[in-house]
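We have chain A already, so just place chain B on it with the hints.
The listed protein sequences derive, respectively, from chains A and B. For what it's worth, this note's numbering labels the leading residue of the first sequence as 1, then goes sequentially. For what it's worth, this note's numbering labels the leading residue of the second sequence as 1, then goes sequentially.
Hint data in this document are derived by calculation from the structure and do not stem from the laboratory. Source: prediction; values computed, not measured. The beta carbon of each residue, even a glycine, is placed where N, CA and C say it ideally should be. Careful: at least some of the hints might be erroneous.
[Said to hold, decoys possible] Covered stretches of chain A, going by a simulated chain B footprint (3 or more residues, C-beta under 8 Å):
(1) 374-388
(2) 500-510
[As the list claims (entries may be wrong)] Among the chain A residues that face chain B by a calculated CB cut under 8 Å, a handful are:
(3) E84
(4) L85
(5) I86
(6) D87
(7) L179
(8) E180
(9) D181
(10) R186
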Amino acid sequence: MHDALFLPDLKGRDFPRKMKIPGLRSVTPSGKRSGFKPAKVSGFMAAPSTASRFGAITHDQTVLSAIVLAKHYSIHSGGCMQAELIDIRNHLLQHSPFNEMPEELVNRVTETIEIVYARAGTELLRINDPSKALYYVRSGAVEIFRRSGELYNRIGEGEIFGAFGLLMNKHVRFPATVLEDSLIYRIPAETFHYLFEQDEGFADYVEIEDRSRLRSAVSRREKSNQLMTSRVSRLISRKTVSAPYTVRLQEAARIMTENSVSALLLMEGEGDQARLKGIITDRDLRIRAVTEALPSETPISEIMTEGLITIPASHYIFEAMLTMLHNNVHHLPVMNDHEVRGVIALSDIVKYESQSSLYLVSNIYHQTSVKGLKKISLEVRDSFVRMVNEDANSHMIGSALAGIGRSFTQRLLELGEEKLGPPPVPYCFMALGSMARDEQLVVTDQDNAMILDDSFVAEEHDVYFLELAKFVSDGLAECGYTYCTGDIMATNERWRQPLKAWKAYFSDWIDNPQARALLNSNIFFDLDGIYGETDFAEQLKTLVAQKASNSQRFLAMMARNALNRTPPLGFFRNFVMEEDGKHGKHDKTFNLKRRGTAPLSDLIRIHALACGSKAQNSFERLDAIGKTRLILDDGIGNLRDALEFIAIVRIRHQALAIEAGREPDNNVRPQDLSPFERNHLKDAFQVLSDAQKFLKYRYNAQIARNVS
Amino acid sequence: MSLEDMDTPPSQPFANVPWPDRYQTLTEATNNPLLKAFYQAGCCDANTPLSQVPMVAIDFETTGLSATEHSIISVGLVPFTLEGIQLSAARHWLVKPKLALRQTSVTIHGITHADLEQAPDLVDILPELLGCLAGRLPVVHYRDIERPFLDVALRYRLQEGIQFPLLDTMAIEAHLHPDRRPTFWQSWRDQKPLSIRLADSRLRYGLPHYAAHNALMDAIATAELLQAQIAHHFGEQTPVSDLWL
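So here's chain A without its partners, still in its complex pose (with noise of 0.2 Å):
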């Protein structure tokens, strides 16, 4: 009977469910949970008394006459209620994902629900408290929230909401609060799961419902905490404090001190025609009007800077962050167009949001030798985890992590110079690799190399970088940035080059391409200068993007290596998993960053390359790949959602590991993921292999058998 029960066809329903979720797999009826098994009726869903009453009914009964039946029981001892309750199961019935299930299921749901009546304003589900049911509208109406306060979406009768929560880490993730006067049903999580487990259906409802959400979190990823939400006009909190560039650096100090301002806008014209000709901090007077001793008269033209970077006044805190980690300045002019709307300086960001890894970026440049910089850096991993813990995505904690590595280089760099001396001819230092594409998390090794002036002349010259090189490299390592395996550092002569050698290598790549050195200049192509001449980076990554994009041999020998590594996804949606030294011959492991983020990148730079873009950044990189017809907007959609979700399945299994007090690493073995996290992984890894197999036949690359 119970078969008969829980059989779809009982009520000759089709599943609708062919349609196309824009998330991160299209769902078909087959998945894992296949067609409907049959109830357990002695589960929690019925009492022990309905249990065996309707153990004695028998298989060829109708779904009719067990309902009468429980209603004749019911005549006799309470229980079964669902005849009575049919206001409440109609309710239910009229609205997805439950006007899909057996009438049977949907009694059994009713007859476990708590009913609460909530008046507007009240705070229904607060972040971080357990989750403890599904929520449905009976009437009125819910607000959820993001994380940061903002809205995120309006629930009304017959809707649904919490099974994020649920399904997740049985924690709330979106506060919920009365926004009308609300009768809500509350369906306890064992309901929840068991309905989980019984009906494909509701599965894929919540499901999708969840993966929409996980999708809006992936796509709207300025959002998700407050440097996310609030825009850098807020931090402005005073009347801009500028002079005429014409002044003299005496006057420039006294307006500073009388207006206690660390920073002072130069302006160039009167009234609405002035406009921003450059700025002047308080660093600048210590270092260089202190330090060289200029005559009070100076003006202040020869020592202020020029060619300012700016922020739109409406972009988000993050951004103007990420600028100023990116280029290590600490004052931003806020801009309306020409209009200066204000300065913002690092420490208004990290006074609004303490917890931020900004202050350990202060904390970096306050630092004067190399021993207070590798106590400091014991912080980034605290730093790390408190932003995994607040929920930032992989974008905003790779480009934070690339900005702490980038200030202790920096930092470094500084101290190096302050040590040797001036350089003898100018020079950038060049980040590569994960750092170069704001990329970096806690494991990792430092990649960089030395773009020297073309005046450099090695016999005179390169005493003096070979010490800085050490000196930078030697502090990285102190740092927590091990040594690279493969030599790719400022300290290998090979990588301490000028411009027209460094010009030439990109050449030789390009033009004559050869799959086993380009596996391991790969690395190149992601760079960035990071301090002095970064404009020597500039022209290599201009060189880089209008090369590469002309040369189909090339692309298709870059392809052809990035087809070496593939996802650790089996014939059957299975994972392929590897032994690893650390976790012994039974925990089998599949490596997270060889088989996920690497493989991705690297088909995301060929793509980027193919454009002619000069992004670094991966997700940047789509963005410009999205520009042109390459790959269409769903490919470009897929492949983003396929990189944040790995990237930040690997992040948290990292944050994880360094709250229980162990090394982290990339190493996952799929027991310690949640089924949800499984089945996205899953569905990321199909997302690779399918874009892998685009590239393969989009660059012509054949893969390369003797390359491991």
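Just chain B now, with coordinates in the frame of chain A:
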């Protein structure tokens, strides 16, 4: 049935009874084991805030309005607190009336003779019914049905009645709207009196309309109404004795 005419009924002066003491006295006085167990479960102290009071919404369908002339034909109840109403613990029974079913009440309740033929007598469900009420404060909409009907039914069957305090959502509405009958001027303007019926009272709180009228849905509707009334007009910290009758 029309309750409009009956919202100021001749109620017993139950409000000022020291209920916990009364329960203790009754525990000792009764010889019936069911009633002894019921009273022994006790009654909450008069100062208990409403948020701490375990309650049970209860509704009877009857063959008429007079406890002495008419019979109970169905009983619905649902235990609840201000935190929530537990449908998993809800109960519903049909019971066979002592007196014949009149045609009019059949149309109201949709319960037929055939339904009731196989129904048990109230005495058969009494252990479970009193078990559900024990230790909980009954909540009804219109206090002159459930309490007097149960009292009379028990006197008839056990030769002993029953006493308990209760909350009456209709009395609360009556209290909230003392001037609900239109003045001469207002009736001339065709203004209708404000209704304190269950369905109409619920509308004022934005509670949904329930199509079905059975004892259990009405009990649930009453429990929801009380939650709304307390949320809007009294607050969870109100001592229970402010409202019990």
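Structure-based check of each hint:
Requiring three or more residues with a Cβ within less than 8 Å of a Cβ of chain B, the coverage given for the region 374-388 of chain A is violated, as only 0 such residues are present. Counting residues of the region 500-510 of chain A whose CB falls under 8 Å from any CB of chain B gives 0; the rule of at least 3 is not met. A least Cβ separation of about 4 Å between A/E84 and chain B falls short of the 8 Å threshold, and the interface hint therefore holds. Interface hint status for A/L85: upheld, as the beta-carbon distance to the closest one in chain B is roughly 7 Å, under 8 Å.
For the restraint placing A/I86 at the interface with chain B, the shortest Cβ-Cβ distance is roughly 5 Å, inside the 8 Å limit, so the hint holds. Annotation: A/D87 was flagged as interfacial toward chain B, and the flag holds, the nearest CB pair being 4 Å apart, inside 8 Å. Because the smallest distance between the Cβ of A/L179 and any Cβ of chain B comes to about 12 Å, over 8 Å, the interface hint for this residue is violated. A least Cβ separation of about 7 Å between A/E180 and chain B falls short of the 8 Å threshold, and the interface hint therefore holds.
Annotation: A/D181 was flagged as interfacial toward chain B, and the flag holds, the nearest CB pair being 5 Å apart, inside 8 Å. At its closest, the beta carbon of A/R186 sits 6 Å from a beta carbon of chain B; the interface hint therefore holds under the 8 Å criterion.
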